[in-house]
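Peer 1: Now for the letters of each chain:
Protein chains: 2
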Amino acid sequence: MDLWYTEKHSDNVGITMKVSKSLFSGKSDFQQLDIVETLEYGKMMLLDGLVMVTERDEFIYHDMIVHPALFTHPCPKKVLVIGGGDGGSIREIMKHSSVEQAVLCEIDGLVIEKSIEFFPTIASEIDGSNPRVKLHVDDGLAYIREHQDEFDIILVDSTDPIGPAIGLFEQDFYNLVAGALKEDGIMVAQSESPFYHAKIQQAMFANLRAVFPIVEMYQAFIPTYPSGFWSFAFASKRYHPLHDFDKDRAKNRVFYTKYYNEDLHIGAFMLPTFARENIKP
Amino acid sequence: MDLWYTEKHSDNVGITMKVSKSLFSGKSDFQQLDIVETLEYGKMMLLDGLVMVTERDEFIYHDMIVHPALFTHPCPKKVLVIGGGDGGSIREIMKHSSVEQAVLCEIDGLVIEKSIEFFPTIASEIDGSNPRVKLHVDDGLAYIREHQDEFDIILVDSTDPIGPAIGLFEQDFYNLVAGALKEDGIMVAQSESPFYHAKIQQAMFANLRAVFPIVEMYQAFIPTYPSGFWSFAFASKRYHPLHDFDKDRAKNRVFYTKYYNEDLHIGAFMLPTFARENIKP
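Protein chains in written order, with my numbering: chain A, 1198 to 1478; chain B, 1198 to 1478.
Incorrect hints may have been included.
Note that the list lumps identical chains together, so a pair holds whenever it fits in one copy or between two copies.
What the hints assert, rightly or not - Listed below are the simulated DSS-like cross-link pairs for lysine-lysine, each with C-alpha atoms no more than 25 Å apart in a straight line:
#  : residue 1 : residue 2
1  : K1275     : K1240
2  : K1396     : K1215
3  : K1275     : K1434
4  : K1477     : K1455
5  : K1477     : K1444
6  : K1448     : K1477
7  : K1477     : K1396
8  : K1455     : K1396
9  : K1434     : K1444
10 : K1205     : K1240
11 : K1218     : K1444
12 : K1240     : K1477
13 : K1218     : K1205
14 : K1240     : K1218
15 : K1240     : K1455
16 : K1205     : K1215
17 : K1224     : K1477
18 : K1448     : K1224
19 : K1215     : K1434
20 : K1274     : K1331
It is worth saying that the hints were derived from the structure and are not from the lab.
Could you build the full structure based on these sequences and the hints that come with them?
Peer 2: As structure tokens, this is what we get:
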């Protein structure tokens, strides 16, 4: 059987990938979870039919949601990830020796369980073996309401603003995040494709600017996401991602990063004109 | 009829687009040319079954093959485009008032003819109305052999290194290009996807380094090209694209660019680690 998985990025365009087999398919209380083996991208996880993670290109998303904030903050000690149940963000955070504790707050326990089972290289730090990592299977909003003024960095590693993640793009949520951050804290959130999602970006960045004094967008190429052109919101109380960036510290990092580097950190914030215009205040 | 066009980027992955109708299909002496109407990307031109140009995202490729070189050279007067029969590169070159003459040397007259017919907003400067533009339907190699020491900038706006463009990725060709450039000339060529085409890039950049003292790679997001992550080679006899870049001149440009801007010019050269490694000397 010649099996192809096609994800439509709109009614009229999509990506299509050859699949050798289905490894898991199940429904949690929150969403449909599928894991398939693809020939080009290795194992791939889908939530509600949308590509979340593939073995071949996950390094891009996880480098880019983690390292720009952790190399901007001068000494991140306590970091919270909301969502990110595959564990890739936690894996990258653990490479920073300043971090004393990383907390993963994922609403869907099935995502964590199946990531540990099928994606051991991604979930390597969430299998219970690392005492610097704490797992909470909980709603992110509920969790941060109980943990105010506590984190140096909060990463919102969420799905699209439909389904369980819808609340994670609203101003009330950003107010709670700001409260859960220390006075010099930084939040980073995935912020969709500038090419396809201009309206979501416009609303999201307006919401962020109502809460944080420093709000910037940065970009990464992610081949398996719509258009291949993806973005992140950097929202900060004190540190600016370029003006306060210590390039030498990033350059002298003791771990390998296949996507991130000290020059790319700067270039990632240099946006195409149309992307700038999406988020113009 | 529900018609979808799928371009395979390898045996195992591709992009798929809904097509409302076929506008033209024909065979020239060099290649198969198709023009279809898509719902997401407007009209689309295919050569030998590969996407060359779409109305919706052509601005990215054409901004990025033209403006980095034309804003690096202090005063480009004479510019040659090899390939580029759709006219988009010439259109962008014409926005630079320093340019006295732009020459288009396209091997396939059918591409020019059908671009003027079906893509008037792209081919606007190659319809014979602009005295600053000269058209030659000719082999690029033959043309530059006869025009040595003549151009400030040469843009190689070619198809992939299969079919009629295969010679445009070899060292003999780059030697001819270097000869056709003035002593401070710049060449830019499309250089494939860092994500899928590492081997082509490695060979191409080694060939360029054997000829030019300054060789750099820069990047752009192009949603309809394989992986969405595309690149260009910048090869230069004297001017460095960052050290000799006059940011104020680019900032004060008198025309609108939907992708290019003075900050993006710099950021485009800040490559992901894996892309740097593709072209490591």
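Peer 1: Decide, hint by hint, whether the structure agrees.
Peer 2: Here is what the structure says about each hint:
no.: 1; hint: K1275 - K1240; result: neither (31 Å within a copy, 51 Å between copies)
no.: 2; hint: K1396 - K1215; result: between (32 Å within a copy, 23 Å between copies)
no.: 3; hint: K1275 - K1434; result: within (16 Å within a copy, 50 Å between copies)
no.: 4; hint: K1477 - K1455; result: between (31 Å within a copy, 14 Å between copies)
no.: 5; hint: K1477 - K1444; result: between (27 Å within a copy, 22 Å between copies)
no.: 6; hint: K1448 - K1477; result: between (31 Å within a copy, 18 Å between copies)
no.: 7; hint: K1477 - K1396; result: within (12 Å within a copy, 40 Å between copies)
no.: 8; hint: K1455 - K1396; result: between (31 Å within a copy, 17 Å between copies)
no.: 9; hint: K1434 - K1444; result: within (20 Å within a copy, 30 Å between copies)
no.: 10; hint: K1205 - K1240; result: both (19 Å within a copy, 19 Å between copies)
no.: 11; hint: K1218 - K1444; result: neither (44 Å within a copy, 52 Å between copies)
no.: 12; hint: K1240 - K1477; result: neither (38 Å within a copy, 29 Å between copies)
no.: 13; hint: K1218 - K1205; result: both (20 Å within a copy, 20 Å between copies)
no.: 14; hint: K1240 - K1218; result: within (10 Å within a copy, 36 Å between copies)
no.: 15; hint: K1240 - K1455; result: within (19 Å within a copy, 36 Å between copies)
no.: 16; hint: K1205 - K1215; result: both (15 Å within a copy, 10 Å between copies)
no.: 17; hint: K1224 - K1477; result: neither (39 Å within a copy, 46 Å between copies)
no.: 18; hint: K1448 - K1224; result: neither (43 Å within a copy, 52 Å between copies)
no.: 19; hint: K1215 - K1434; result: neither (45 Å within a copy, 45 Å between copies)
no.: 20; hint: K1274 - K1331; result: within (14 Å within a copy, 63 Å between copies)
When held up to the earlier numbered hints, the structure conflicts with 1, 11, 12, 17, 18 and 19 and fits the remainder.
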